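Chemist: So you can see what is in the structure, the chains are spelled out below.
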Amino acid sequence: GQSLEQPSEVTAVEGAIVQINCTYQTSGFYGLSWYQQHDGGAPTFLSYNALDGLEETGRFSSFLSRSDSYGYLLLQELQMKDSASYFCAVRSPSGGYNKLIFGAGTRLAVHP
Amino acid sequence: DTEVTQTPKHLVMGMTNKKSLKCEQHMGHRAMYWYKQKAKKPPELMFVYSYEKLSINESVPSRFSPECPNSSLLNLHLHALQPEDSALYLCASSRSGTGETEAFFGQGTRLTVV
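Sequences listed follow chains A and B, in order.
Heads up, the first sequence is in this note's numbering, so the first residue is 265 and it goes up one at a time.
Heads up, the second sequence is in this note's numbering, so the first residue is 7 and it goes up one at a time.
These are computed hints drawn from the structure, not numbers from a lab.
You can trust all of the hints, since none of them are fake.
Cβ pair distances, simulated, as ranges:
1. B:H85 to A:L315: 44 to 50 Å
2. A:Q340 to B:G20: 45 to 51 Å
3. B:G34 to A:G305: 20 to 26 Å
Below are the DSS-like pairs computed for lysine-lysine, each with C-alpha atoms no more than 30 Å apart in a straight line:
4. B:K46 to A:K345
5. B:K59 to B:K28
6. B:K46 to B:K28
7. B:K44 to A:K345
8. A:K345 to B:K15
9. A:K345 to B:K47
10. B:K15 to B:K44
11. B:K42 to A:K345
A quick note: this is a predicted structure, and the numbers were derived from the prediction, not measured.
We put the beta carbon where it would ideally sit given N, CA and C, even for glycine.
So here's chain B without its partners, still in its complex pose (with noise of 0.2 Å):
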């Protein structure tokens, strides 16, 4: 399995809503991954995990939080957005995050801020 999943596939919320994205991988990864991307644009680190701990955050605002439950999962948890915010969100994990090459992404969640 090669594989990580993200949910939803699209979403659409208010700028007062409170909603989460959803990315899960079985591969025993232990680095995961956020990044954003806007259209014709490339993907833009936001966070990472190594070891389900946080080890990387990219000057993100503080209406997207984090969150590794364990070492499969990791969630965005986002409050008051701003339409600017709409972008494809891809999740991404590799073996350790400290050296290895190759990171696996999952197929995004498009996101619509209205």
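Excised from the complex, chain A in its bound form (with noise of 0.2 Å):
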């Protein structure tokens, strides 16, 4: 089976560092994804680390361990825009096929 776990809410100030963490248990695992979902929105992709390491995309960062089964989503000069629930995912196969499955999500909140 697959768990991914990462805490339920953060609180951050406009400007300030973030960073989400997400550890994973899976039968199989290719990736780890994040995903941003604003209220009442659809999910949109933001990062995918394959390997180990971090990758850069503007203010926000993604690592990953592999070793360590644990990511985490750095997200720097936080705006108020940014408050949102942010959820990691992991690419596991199923029958030759693989399956997108989501973390508990993270809710942020950016205050002024």
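Starting from two chains that each stand alone, build the complex the way the hints lay out.
Modeler: Written out as structure tokens, the structure reads:
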């Protein structure tokens, strides 16, 4: 089976840096993705790590350690619009195909 | 065009009704997905279609019946639903469903069963 754990809530102020951690247990693993979802909106893809290390995309960075089954999403220079839910997700093999399975999500609240 | 379009945006149906949710994408993606999302919960995978064939069914009750008429369209037929089936139903697509990293989601259909 698969399980992903991430904190349920994080609070930060504008301009700050916040890190959202994710640990996972899966029967197979291709890589770790991160998605953002605003209230009432659709999940949107942020980043993907297949190999160990840091991937940077603008203000957002994502890190993966396969040996530790651990990753994180780093958000820098926080803005009010970053208030949303953030999901880590894994692609896990299933009969020749693969499934995108989401963690429970972390609600980020950014305050002035 | 990187859009996945879902209709309707909102749907209220009785427990004896039959209705359908529709999803369309024109990105040439060959994998399409249905997810169910309850409030403050993550999306839960229901079905995966790959190259217009049902490849994954996550033990979804038969009152939910998916259909993929062609590579651009995905339907979810609903019949005899229960109030606990009220949720946001999300459609998503990806290039092939076998290894790529990014899935594109529609805005969802917010379903209320009364």
